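Full structure from sequences and hints, please.
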Amino acid sequence: MALPVPLRDSVTPHELEMIASQQLIEIVPLIAMERTAFISGAYGPLRPPSKAKIPLWMAVNLKLKKKCHIIPPQWLSVEHLQDRLAQEVANPDAFSDLPFRFTEISKVLLDVASDDLENPDQIRTLLKDLREARQAKSREGLRHLDHSELGLTGLTSMEINEIRPFFVQSMSLLTKLARNTEATT
Amino acid sequence: MENDYFSIEAILAENQKVQCTFKHEIPNMGHLGGGTDRDIAVLSKIQIPMWLAYIIIYSDWADFNIPTPFGLKVRNALKAEATSVRLSNLVGSGGLWYGFGKMIMDMLSEDQAGEMSEMMTKAFKARVVELVDQAQHFAAIGAGGSGGSSGDVAQSFREGLDSTEREIFSLAQASAKRMKAWYDESDKARQ
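Going line by line, the protein sequences match chains A and B. Residue numbering for the first sequence follows our numbering, beginning at 14 and increasing consecutively. Residue numbering for the second sequence follows our numbering, beginning at 1316 and increasing consecutively.
Hints listed in this document are in silico derivations from the structure and should not be mistaken for laboratory results. Quantities reported herein were computed from a predicted structural model and do not represent experimental measurements. Just so you know, even glycine gets a beta-carbon here, dropped at the ideal spot from N, CA and C. Don't take every hint at face value.
Pulled a few chain B residues facing chain A out of the computed Cβ check, cut under 10 Å [to be verified]:
1. Y1373
2. W1376
3. G1416
4. A1491
Distance condition first, Cα-Cα at most 27 Å in a straight line; then the derived DSSO-like pairs of lysine-lysine [unchecked claim]:
5. K1495/B - K141/A
6. K1394/B - K1360/B
7. K1388/B - K1437/B
8. K1492/B - K141/A
9. K79/A - K64/A
10. K1332/B - K1394/B
Rendered as structure tokens:
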């Protein structure tokens, strides 16, 4: 079975979300659980009300069954994101420092655990602003596309996945066009 | 594309005709010109496709001029405003302007080749930004591309795309659509 053309060079956002869901996150469990072995490792024991660290997929599962409260990671707060947004706007050449999979994790948490976050609406707006600011920067980078290299440090996993297919195609076209001048020199 | 023996695009791009001036007389080859002459006389101009022209020029039986799709008029238009040139009209149906240009480039002397390469590279870089913008805009509207809403300038740009540019357009559009679908689904399924 052949992959459709757009998927040959990149993965789907759902796949990235699944990969990101393997990261550990802190919760306050509402039920007790013994130390259980899963395929990826053993987690627990869960002894309410003390905190525990479990993978995100498990936390989401428990949360949907209303068996835990999720503690948001440190960077998912209004002050932190506002800080990053200010950095983003102040530096038109560089991308600010955000966790590599922040898009996926923040989307999952906003979906499932918005009551555990302070100010979810403002966080949503901030995330949207961040995404747009960064997209504008990668568009600028597209203008300076070269056939050999292009440095865009600090992009996060979802953004890389978004631009990879057409960036790579464009660069390969540029390589074909530029080859002659290099071959004869 | 030149070394890509199996690439359909390369084969199609090679099918373009170029104007050649034969330096020697060639008996019994008059049918190439499409006319009724039996021989090709010296200094006669005939249009032959690229894949044939390549060998003939290499063996020094003919000279050729840079064909119109890359002539001065097009060059100046590109320098003025690269995004408004309709590349697909310049090379027949399907439009493989870049591929065709590359093949010609390989046959030219070094200075001319360098010029052509720079012209194509600059044109592409200018057009690709507009291309990606439109692709992401269209991901929101829909695959059919209604066209009327975004205005005529955008639509004529899209119609004037070379076919390699069209591939890039559809890649960008597909990835933007996927992202949008993923973002939108978040608010429904979970709760």
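Given the hinted pair K79/A and K64/A, is their Cα-Cα distance within 27 Å? 16 Å, holds
Any CB of chain A closer than 10 Å to the CB of Y1373/B? 16 Å, violated
Going straight from one Cα to the other, do K1492/B and K141/A come out at no more than 27 Å? 17 Å, holds
Would you settle whether the hint for W1376/B is holds or violated, based on the nearest Cβ-Cβ distance to chain A being less than 10 Å? 23 Å, violated
Please verify that hint: G1416/B, Cβ, nearest Cβ of chain A, below 10 Å or not. 8 Å, holds
Given hint K1360/B paired with K1394/B - CA-CA distance at most 27 Å: 30 Å, violated
Quick one, are K1332/B and K1394/B close enough, alpha carbons at most 27 Å? 25 Å, holds
Are the Cα positions of K1388/B and K1437/B separated by 27 Å at most? Satisfied, since the Cα-Cα distance of roughly 16 Å is no more than 27 Å.
Are the Cα positions of K1495/B and K141/A separated by 27 Å at most? 13 Å, holds
Tell me if A1491/B is really an interface residue toward chain A, meaning its C-beta lies closer than 10 Å to one of theirs. Where the cut-off is 10 Å and the nearest Cβ of chain A is about 7 Å from A1491/B, the hint holds.
When each numbered hint is compared with the structure, violations occur for hints 1, 2 and 6.
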